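> I would like the entire structure built from these sequences, with the hints used as guidance.
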Amino acid sequence: MPVIKIECDELRRLMRTEMSDAELMEKLPLLGCDIEGYDGRYIYAEYFPNRPDLYSVEGIARAYRAFFGIEPGLKEYSAGEAKNFLIVDESVSGVRDFVVACEVENVRLTDELIAELMELQERLHWALGRDRRKVSIGVHDPSRVTPPYRYTTVAPDGIRFVPLGYREEMTPRQILEEHPKGVEYAHIISSFDRYPVILDSRNNVLSLPPIINGELTRVTEATRRFFIDVTGTDLRLISQALNILATALAERGFTVRKVEVRYPRQSLTTPDFSPRHMKLRLSYVNRMLGLRLEAEEVKSCLERMGYGAGLNGEELLVSVPCYRCDIFHEIDLVEDVAIGYGYGNFPASLPGVLTTGEKLPLEVLCEKLRMLMLGYGFTEVMNLMLTNERENFSRLRRHGEAVRIKNPISEEHTIVRTSLIPGLLRTLRLNRHRELPQRIFELGDVVLLDGDAGAPRRRRLGVAVVHDRASFTEIKALLQGLLRDLGVEYRVAPAEDPAFITGRCASLLVGDDEAGLFGELHPEVLENFELEFPVAAMELEVEALELR
Amino acid sequence: MELSRNEKLVLKALGELGSAEPEEIASRTKLRVSAVNRALYWLVRKGLAEVEEEKDCAVALGEEGRLYAERGLPERRALEYLRSKGGEAEISALGEVLDKDEVSIALGWLRRKGLASITGGRLALTEEGRRGDRTEDEKLLERLAQGELMLSQLSEKERSALELLRGRQQVVRIEERSLRKARLTRRGKELFAKGIELEEEISQLTHQIIKTGTWRGKKLRRYDVTLPAPELLPAKLHPLRIIIDEIRSIFLQMGFKEISGPLVESSFWNFDALFVPQDHPAREMQDTFYLEKPARLKLPDRRIVEAVRRAHENGAGTGSTGWRYSWSEELARTALLRTHTTATTIRHLAAEQKPPIKVFCVDRVFRKERITFKHLPEFHQVEGIVVGEVSFADLLGLLREFYSKMGFEQVRFRPGYFPYTEPSLEIEVFFADKEKWLELGGAGIFRPEVTEPLGIRHPVLAWGLGIERLAMLRLGLEDIRELYMSDINWLRRARVR
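Protein sequences appear in the order of chains A and B.
Just so you know, the first sequence maps onto residues 1 to 548 in the numbering used here.
Just so you know, the second sequence maps onto residues 1 to 497 in the numbering used here.
DSSO-like cross-link-like pairs, simulated, lysine-lysine; straight-line CA separation at most 27 Å: (1) B:405 x A:368; (2) B:374 x B:434; (3) B:8 x B:219; (4) A:359 x B:257; (5) A:27 x B:436; (6) B:30 x B:194; (7) A:359 x B:354; (8) A:476 x B:236; (9) B:374 x A:406; (10) B:46 x B:194; (11) B:374 x A:5; (12) B:113 x B:85; (13) A:359 x B:405; (14) B:405 x B:236; (15) B:434 x A:27; (16) B:257 x A:368; (17) B:30 x B:12; (18) A:359 x B:236; (19) B:298 x A:406; (20) B:236 x A:368; (21) B:8 x B:194; (22) B:293 x A:406; (23) B:436 x A:5; (24) B:30 x B:181.
Computed list of chain A residues with no C-beta within reach of chain B, every gap over 10 Å: (25) 115; (26) 257; (27) 314; (28) 476; (29) 481.
Label pairs and their in silico Cβ distance ranges: (30) A:344 x B:434: 18 to 26 Å; (31) B:231 x A:401: 44 to 52 Å; (32) B:306 x A:83: 45 to 53 Å; (33) A:7 x B:301: 50 to 58 Å; (34) A:342 x B:231: 52 to 60 Å.
Hints are computed from structural coordinates only; laboratory data are not their basis.
Just so we're clear, the structure is a prediction, and the values are computed from it rather than from any experiment.
In this text, a Cβ means the ideal position worked out from N, Cα and C, and glycines have one as well.
Now the structure itself:
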């Protein structure tokens, strides 16, 4: 999630407040953010992915002006009548279908402001644009290009221009292959025969969306006007991105002017700053929040959150600002009423729902097993379930199949364990310099591949004991004790498992089901785990014990 | 003044010996050295004895020294050779009796000790050399070969010989030692002079003593009950388990039913059913473990799948706009390791919908995190759900109740964000130890786009937290890995609260 670097002085100026830094830090989270740091000049605050309108200091100031009653209610923005137009060529259809645009006048820039503007763009690319796939923004200085503009496509080598930050002309194909931004974002357009471009009336390239702008329209401190294009695959999203950006610039005191976007079959004039209207039922608000607010109170909560609100009996008519893109449903307004009301101001009630608590039968059995294992002198350990084939199979001289991760973090964690014994031996290895005897157990899950059923989990009890005279008898005595304590009828049959010494390994049978395996571990297994004393171990299926 | 039997024995021994080391006292009294030391400690505390620490040095042979003691110093061997050759020989002939690197050592020392002179490659014994008397350093070497000596016991001559030996590499080792010498104080001596009467005392009461009644008329020795006893370490539950059980018990007390669900889960239950759009960043490969085997899982009932599809595409008649994209069933089938226990709660809600429902789940979840001191790729999460005629105010009340049972009296809430809850909040608790507010959980009401497609008509309150973070704070751990490293000593010593 984006961390916004907020200069306290600038925020105070934009908010028109005198609040101290400390007060700001205490109060910013009331609207929803995590304070990540403060260095005496800047506050670093992380805002949530559903509020890209708070990804700039201007947007943040706007929200808090309303919240603290400095300027509550709907903030209206106006845009001058369109002077220029942008023609959309039919060929963009299916490639990157949509574009919106605006112009900005009376621009006054510093290097710092340019940097902030670029950061806002990148955050919008991330949050709304899914890393430019759905939305990408180009901000241009139009002084060296000539409208009207055209949004069209070109063949990969069909045009040459100097990309931003370069000196030589390149074709779009070269940019995708050589330019760092080209390489980074090539995957979005490289599958098409033709690439989207924005040109002026003399075929100068303003941008190759969503990759890079041309050097010709670079924004500098001398820039006095902007031409802004937003292209993408979803008209609603690109319009929201444009609104967030354009209103932030308007908050700076710049003047926004519309651009006419001429699609083949219709014409749009963007940006459209008009609010959306939604109805909010007072009864719904009170039911969801557990409050008894009057319509007036809800209205003032909404205004603290930057909405316009009118009363209509038991309903409120809410004007949703054009920069909000997280309002899908009435419930989203309810949350903002709650934030406007203040989470700290809620009465603490308890639900009048009468229920009885109930443990899972499996957990009840595990609690008993734990009690018994402690009584037998075994200490509980916990291990990670993620492991690798070497540890889970090879080191036990075993082979098998396990749930396998497609995108593991390291070679150490590629599969999910199918047995508890490797983890126990690993624990013994870690403790090999500690005093003996060591008696440990783990009650945990393994996951087994099971064809159509997917990969069910199984609760197991794993036990290991290491000391100079650890033996089959010791582990069998424990098993007998446990099963006697639980009242489970069972049989023991000789078994073969490569992890155990032949002739010193047995399986536990409960009814006809194999319910566990125990014995003395093979010396090669001990060597594999760097253990120099004999180890006896067992692994039981807990659920098999439960059913009896 | 009351003295134990051992104290009396030691006092008596000191009275007779004057001043002595604990070992001497031990051999005289037939007590173990540790018992003598304990008795001395008490005699000192009672003002009857004093113990002085003396520093001395132990001198012993080094590696090379032992070799020389056996074979003779190089110059001695050269000298004997010369004597056998009539007192003169070529230097090069020394190779017959010396190792190559010993020749120069022998030459150096022969000259330094005035035993031989060199002229033009020939070596000739001096007067003294011809006599061939043993030198002081050789005598000391011999004594040291019998065992280590204390520096304070060496004569003046031996000390200068030692200096010579120290001039050679690894011939002698000198170690500082401290000696404890005990003697009686004036009061101790007075007591000793009055005569010490030793009466028989019983320390460990035994079966035999009780059975035979021999304890009668004897004294049962007083123990110092303030002395530390040996450390006893029990078999123990894992500290994380103790916290998990504590949380389970809080939920059970509050009337919640325990549930569990699969670890290997479909994207459908982990994401789609929770209204997380299919291109949401949280789903990306950098956060979630996807599976190669099994790669796909079955989807539930057609009716549920279609309802979820509609929620994503158009809001499914909930009044929501939905995400407005074409939802892919194939993506929903993708298998993964569940990233949150909410996958299990939503499964449960899809199956059981009749309110009131109060369920909870404490279980493992997986995130694609590198292992560091503060992150693990798997951890435990706890989640509680209430379905019924309930509200946001109830959620806040429940949270206050829950966290106060966990021992956090100061709790505060602030807006948060989760894709599947609205309103959402983050919970902060005040840690008195750290004097800090720390985030410890998130909560919210499930969005209508989540509940309505599953046929749930009532608000669903949900909250959850990661347990390892709490465990680290409780246990004072700086490194989360310790929870799964299971150092047996740590486990045995860990506090149970």
